[in-house]
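Residue numbers (this note's numbering), protein chains in the order written: chain A, 1 to 115; chain B, 1001 to 1113.
Just so you know, the hints here were simulated from the structure itself, not pulled from any lab data.
Just so you know, even glycine gets a beta-carbon here, dropped at the ideal spot from N, CA and C.
Check each hint, because a few of them may be wrong.
Claimed, not checked - Covered stretches of chain A (in silico footprint by chain B; criterion: 3 or more residues with CB under 8 angstroms from a CB of chain B, positions within the stretch not fixed):
(1) 23 to 32
(2) 37 to 49
(3) 94 to 101
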Amino acid sequence: GAGVSQSPSNKVTEKGKDVELRCDPISGHTALYWYRQRLGQGLEFLIYFQGNSAPDKSGLPSDRFSAERTGESVSTLTIQRTQQEDSAVYLCASSLRPTGGYEQYFGPGTRLTVT
Amino acid sequence: GNSVTQMEGPVTLSEEAFLTINCTYTATGYPSLFWYVQYPGEGLQLLLKATKADDKGSNKGFEATYRKETTSFHLEKGSVQVSDSAVYFCALSPLSITDKLIFGTGTRLQVFP
């Protein structure tokens, strides 16, 4: 079946603008994760959804970052008033269940460049 | 806190050479450990995992053993191929309320014929 998809694949925006990044998880996967990879660094956990609720938002770097998930499917990560340090590849992953060691399947990522 | 440290790259090898990529971790409790791989132009994918001490994960000729006494999970392959060229990420899951992953910085492997 289809894997995790993300859009757009690339986004260039001006500092101070808002951006929305979209993730379509694998159908039936209840857990959805957002990660960020800045240049030369490992992936950082941002937020996790179980169904439509987000029990763990501990990785969101500031209140400019928010995310939602609807219909236990699509998720949107919104960054308001973007800053240059927000430039990174944003990765989404989904898994069948949130705990129990189920494999996380990753999307191809959205490369965000803030100029 | 929880963290993962892996050797910096790039690692450059000739085909059929032996590969080791070192990974050590810091965690409370008993995390699960993973190696993920990202081939050029592709998404991140799970290579292998181990969920408890002394477990060995293996896949595609790669192996890693969960060593609690040295808090390590080194990736090895006996004979690399050009097609193994990729970026390899070591990760742990602290197994709290979620299986969120904590990653190392990644190691780029380049294999030449």
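Hints versus structure:
| no. | hint | result |
| --- | --- | --- |
| 1 | 23 to 32 | violated (count 1) |
| 2 | 37 to 49 | holds (count 7) |
| 3 | 94 to 101 | holds (count 5) |
Violated hint for the displayed structure: number 1, the only one.
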